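Going left to right, the sequence shown walks through residues -23 to -1, 1 to 1061 as mature numbering (1 follows the signal peptide of the UniProt record, and there is no 0) numbers them.
These are calculated hints, taken from the structure and not from any lab test.
Note that the structure is a prediction, hence the values are computed from the model and not measured.
Think of the CB as a built atom: it goes at the ideal place given N, C-alpha and C, for glycine as much as any other residue.
Be a bit skeptical, because a hint or two may be false.
Said to hold, decoys possible - Listed next, with one range per pair, are the computed distances between beta-carbon atoms:
| # | residue 1 | residue 2 | range |
| --- | --- | --- | --- |
| 1 | Asp511 | Thr458 | 10 to 20 angstroms |
| 2 | Ser824 | His910 | 32 to 42 angstroms |
| 3 | Ile613 | Asn505 | 18 to 28 angstroms |
| 4 | Asp578 | Lys425 | 28 to 38 angstroms |
| 5 | Gln576 | Pro272 | 43 to 53 angstroms |
| 6 | Ser351 | Lys971 | 32 to 42 angstroms |
| 7 | Thr202 | Val82 | 30 to 40 angstroms |
| 8 | Ile613 | Glu939 | 53 to 63 angstroms |
| 9 | Ser988 | Lys600 | 51 to 61 angstroms |
As the list claims (entries may be wrong) - Below, computed lysine-lysine pairings styled on BS3-like, alpha-carbon distance capped at 27 angstroms:
| # | residue 1 | residue 2 |
| --- | --- | --- |
| 10 | Lys481 | Lys413 |
| 11 | Lys942 | Lys971 |
| 12 | Lys408 | Lys425 |
| 13 | Lys356 | Lys387 |
| 14 | Lys425 | Lys498 |
| 15 | Lys413 | Lys425 |
| 16 | Lys135 | Lys52 |
| 17 | Lys204 | Lys192 |
| 18 | Lys244 | Lys273 |
| 19 | Lys425 | Lys410 |
| 20 | Lys484 | Lys408 |
| 21 | Lys413 | Lys484 |
| 22 | Lys273 | Lys971 |
| 23 | Lys356 | Lys413 |
| 24 | Lys166 | Lys187 |
| 25 | Lys135 | Lys166 |
| 26 | Lys425 | Lys484 |
| 27 | Lys955 | Lys942 |
| 28 | Lys484 | Lys387 |
| 29 | Lys955 | Lys244 |
| 30 | Lys244 | Lys135 |
| 31 | Lys408 | Lys481 |
| 32 | Lys187 | Lys244 |
| 33 | Lys189 | Lys356 |
| 34 | Lys498 | Lys484 |
| 35 | Lys244 | Lys387 |
| 36 | Lys459 | Lys413 |
| 37 | Lys413 | Lys387 |
| 38 | Lys166 | Lys192 |
| 39 | Lys187 | Lys204 |
| 40 | Lys192 | Lys244 |
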Amino acid sequence: MGGHVIVWILLSVCSWRISAAQAQQPPRTDPVEVAALEAILGRWNKTNSPVWSMSGEPCRGVPVDGVTGLDGNPKNNPGIKCDCSYINGTVCHITQLKVYALNVVGQIPAELQNLTYLNYLDLDQNYLSGPIPSFIGQLTALTELHVGFNALSGPIPKELGNLTNLNLLGISLTNFTGQLPEELGNLTKLQRLYTDSAGLSGPFPSTFSKLKNLKLLRASDNDFTGKIPDYIGSLTNLEDLAFQGNSFEGPIPEMAALEAILGRWNKTTSPVWSMSGEPCRGVPVDGVTGLDGNPKNNPGIKCDCSYINGTVCHITQLKVYALNVVGQIPAELQNLTYLNYLDLDQNYLSGPIPSFIGQLTALTELHVGFNALSGPIPKELGNLTNLNLLGISLTNFTGQLPEELGNLTKLQRLYTDSAGLSGPFPSTFSKLKNLKLLRASDNDFTGKIPDYIGSLTNLEDLAFQGNSFEGPIPESLSNLTKLTTFVLRNCRISGDLGAVDFSKFTKLAFLDLSFNNISGKVPQSILNLQMLTDLFLGNNSLTGGLPDGISPSLKNFILPPGLNCLQKDTPCLRGSPECYPDSPTWKSLGRRVFDIYIQGDLKEKDFDIRKMAGGKSFTAVYKSYTATVSKNFLEIHLFWAGKGTCCIPIQGYYGPLISALSITPNFTPTVRNGVPKRKSKAGAIAGISLGASVVGLAALFGIFMFIKKRRRLAQQQGELYNLVGRPDVFSNAELKLATNNYSSQNILGEGGYGPVYKISCKLVGLPSKYKCNGMLPDGRVIAVKQLSQSSHQGKNQFVTEVATISSVQHRNLVKLHGCCIDSNTPLLVYEYLENGSLDQALFRKNSLKLDWATRFEIILGIARGLTYLHEESSVRIVHRDIKASNVLLDTDLTPKISDFGLARLYDEKKTHVSTGIAGTFGYLAPEYAMRRHLTEKVDVYAFGVVALETVAGRSNTNNSIEESKIYLLEWAWDLYEKEQAQRIVDPRLEDFNKDEVLRVIHVALLCTQGSPNQRPPMSRVMAVLTGDAEVVETVTKPSYITEWQYRDGNSTNSESTTSEFSRQKEIDPLTMSPAITGSSHDGR
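Just need the whole structure built from these sequences, with the hints factored in.
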């Protein structure tokens, strides 16, 4: 037993001594690699090195010092570096090999494939020949491969695509042939690629789009062909890019994209830069002028030329604003990846917003509003996290705002007015803490106004008008202390205003809560707001009197009828001299001495508001007067007679200044503003009824029907009194007498809805309120329009017409004075226009002698009136029957658009009319005549026809002349294509402005384009006619201009023409429509 122990001890001691001896030995290089290294250097006659030796152990000294790199010691060439950490530090592997500029001759040795641990191989600047062996692709640890500046030849082996750890590949100045292999696209870690003068050809591989880490790409002096790939723009880490000396064609990708975009839109030139040269020169890179700073820079670009050490420019801004561009947003736009500003506003772009817009992540401003874009808002816009402005107003989008837009946390301004959107507001918008402006009016947003809106405390401008919200204004909105504009008009808001602390809105200047269901009293805190200048609370259910202490800053306000009733009221003028410079010099003195007339009676003579205020600013002056108000008409006239100053001041302000007006009744108002009557005695009526017989029952029934009719009439009249503008209400007896029982001798004309009468001057027993010349006591001349029973226009429709006309007031619209609804046929009372209609002035034998200046002003006036109806009125209105006979002329030949009997309140969600066509052949837009598609562009089309008629002095259709001229629009196009448009001018015009004539013809042809999307809005028409906007190129001749579309296609409704002019056929809105059921068959 003892012997075994001794043997075990001896064996342990020996084992320990052997292990210790091994531990003391230095690590050895892998013999396979040593052999390979020796063979490689031997072939190249490089067997010795100044700092290491092949005769001993190569991985000793400098190769393993851990400090000196291959470039750190120039003597280490040929050089190696080793890693001796393998197998517990006992084995070394060669990881780097450098044989640089040593005049080596021959091919790359096969033994190199045995150096499998190589991560660095540098064979640059020798005389190596032959191909790159495919086995190089097996050295997958390589991070740098340098084989350039040699005589290597043949194709680049695709196996190099296996070197997925490469961050540098150098093959410059070689004799390779063929193309760069697609497999090199697998080198996704590559940062530097040198292929200069490598003998390569063909197109650049598409797979290089994956090389997102590239910082340097040198590919000069080869024979690369095709276009510079678009994807180059997506390699956003590039710092050094060189493509010189190749056979590329076309511009660089961004230039190609720009050229394609503008080419599609026929905007290939710019006044300040050119696509034919280098666009990023001059104004686009001046570093001073912005896109708005030079109006000629449209289409406009701005560039940034600081990339790659100032050698490369990128387009960063693109503006194509209000240039009548037609079509969709081009796909090439996605190649402008450096864009930070894109403005496509006010064109005729259609189709959806492409999802690729979400890839332009550098964008800070995106303007695509005022176009015909449609479809849903793409959720990809949520990727544009750098946006601070997004504008999509006045478009035809559908659906909801995407939740993804809540990711735009840098957003400061969001415009979505009239964009066709619906549904609830996204909950994710609670993250938009930087919002300063939120415009979302005239959509169909539903649900409650979100509470989180109150957390967007940077909001200064908030507008939600014209939506379908429900419930009260959230209390949380009290937190929006920076608001200057707050609009919730016509939003179906209910409840009272007590929940919101308006006293916090110290910066609020404009507040509009009108046309809602708000109840309760007007909070005093609203009227105390010192910055508030405009307050609109009308058409609500507010009660109580007008609070005292109105802020002197308040200039304009409208309250509900209960708060400013108009009959036998006490008008209270509250004036303030505001805050003006106190300098007494003549330069700042204003016209502040004036007379005050109430209902024509002089109340104050030489009233000096500044003197009354004691010469102090922000001091209110209160003056109260009592006046009798009849027929809802109250006139307050502030008359300056030249006193107070000699002229308009050079500095400061002038004029009578009224900051607030309140009217309080001193009577109990009734529905018709009549004197209140005492209650009837019900007992007496009941007693009479009990003693009646069968005849009495019949009489009772008659009395019941009479009372029911009177109640219905009173209800209808009550509706009229709630209308904005409150027209006068006339009795049937009054108008019957004034028109001589609607005698045909008094008829001024007759349209599709009935005759129009002028007040007779030969009446016996004319009421005292009328003068014999057909004028009211205040000097108004009137005309009465009697709606014919054949028009099928019921009283509901009539009330709607009254509401429509009463809500709009403009110098180029016929004014409605009042109405009558107690007759069998409803009546309208208009202003009388002495010079009749435009068609009478132009087409009749006894026509007026209108010179060109007058005709041009008439065309401008019609355009102004339509612009107001379409874009400026509180309600957007489509007239539907614009024609020469519906344009009336006053004493000064000012045109006024008449006959709103066919007008419809514009509803963006119901552009397809279900009641048939209402209009006149010759003026009907194709989409309305054929598909019943109704938009304001129907009026634009008709305006174009009227404009041509005014220029030509003839009707749009005349069968009495030569065939080529029968249809005015067709004749105008023929002349226009022959560049002879001037021949269309009325031969009776002896002198005219050629430029104005050609401009009108050009605009008229643009207005009558076949597609409504190609027609400009009326505001654009006005701008072009007045010279404020450039005349754009007209698109091609519409295909609808053929004779059969005017005559054969509508033969059942044609009407013969006279030799002088052709009278167009009016279409009854019901007789021309198919059978329709339901109580709202007229569509109103």
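Going down the list of hints, with the structure as the test:
| no. | hint | verdict |
| --- | --- | --- |
| 1 | Asp511 <-> Thr458: 10 to 20 angstroms | holds (19 angstroms) |
| 2 | Ser824 <-> His910: 32 to 42 angstroms | holds (35 angstroms) |
| 3 | Ile613 <-> Asn505: 18 to 28 angstroms | holds (25 angstroms) |
| 4 | Asp578 <-> Lys425: 28 to 38 angstroms | violated (51 angstroms) |
| 5 | Gln576 <-> Pro272: 43 to 53 angstroms | holds (50 angstroms) |
| 6 | Ser351 <-> Lys971: 32 to 42 angstroms | holds (40 angstroms) |
| 7 | Thr202 <-> Val82: 30 to 40 angstroms | holds (34 angstroms) |
| 8 | Ile613 <-> Glu939: 53 to 63 angstroms | holds (60 angstroms) |
| 9 | Ser988 <-> Lys600: 51 to 61 angstroms | holds (58 angstroms) |
| 10 | Lys481 <-> Lys413 | holds (17 angstroms) |
| 11 | Lys942 <-> Lys971 | holds (22 angstroms) |
| 12 | Lys408 <-> Lys425 | holds (18 angstroms) |
| 13 | Lys356 <-> Lys387 | holds (17 angstroms) |
| 14 | Lys425 <-> Lys498 | holds (22 angstroms) |
| 15 | Lys413 <-> Lys425 | holds (21 angstroms) |
| 16 | Lys135 <-> Lys52 | violated (35 angstroms) |
| 17 | Lys204 <-> Lys192 | holds (21 angstroms) |
| 18 | Lys244 <-> Lys273 | holds (13 angstroms) |
| 19 | Lys425 <-> Lys410 | holds (20 angstroms) |
| 20 | Lys484 <-> Lys408 | holds (24 angstroms) |
| 21 | Lys413 <-> Lys484 | holds (14 angstroms) |
| 22 | Lys273 <-> Lys971 | holds (25 angstroms) |
| 23 | Lys356 <-> Lys413 | holds (22 angstroms) |
| 24 | Lys166 <-> Lys187 | holds (10 angstroms) |
| 25 | Lys135 <-> Lys166 | holds (17 angstroms) |
| 26 | Lys425 <-> Lys484 | holds (25 angstroms) |
| 27 | Lys955 <-> Lys942 | holds (15 angstroms) |
| 28 | Lys484 <-> Lys387 | holds (24 angstroms) |
| 29 | Lys955 <-> Lys244 | holds (24 angstroms) |
| 30 | Lys244 <-> Lys135 | violated (45 angstroms) |
| 31 | Lys408 <-> Lys481 | holds (23 angstroms) |
| 32 | Lys187 <-> Lys244 | violated (34 angstroms) |
| 33 | Lys189 <-> Lys356 | holds (25 angstroms) |
| 34 | Lys498 <-> Lys484 | holds (22 angstroms) |
| 35 | Lys244 <-> Lys387 | violated (33 angstroms) |
| 36 | Lys459 <-> Lys413 | holds (9 angstroms) |
| 37 | Lys413 <-> Lys387 | holds (11 angstroms) |
| 38 | Lys166 <-> Lys192 | holds (11 angstroms) |
| 39 | Lys187 <-> Lys204 | holds (18 angstroms) |
| 40 | Lys192 <-> Lys244 | violated (35 angstroms) |
Checked against the numbered hints listed earlier, the structure breaks hints 4, 16, 30, 32, 35, 40; every other hint is satisfied.
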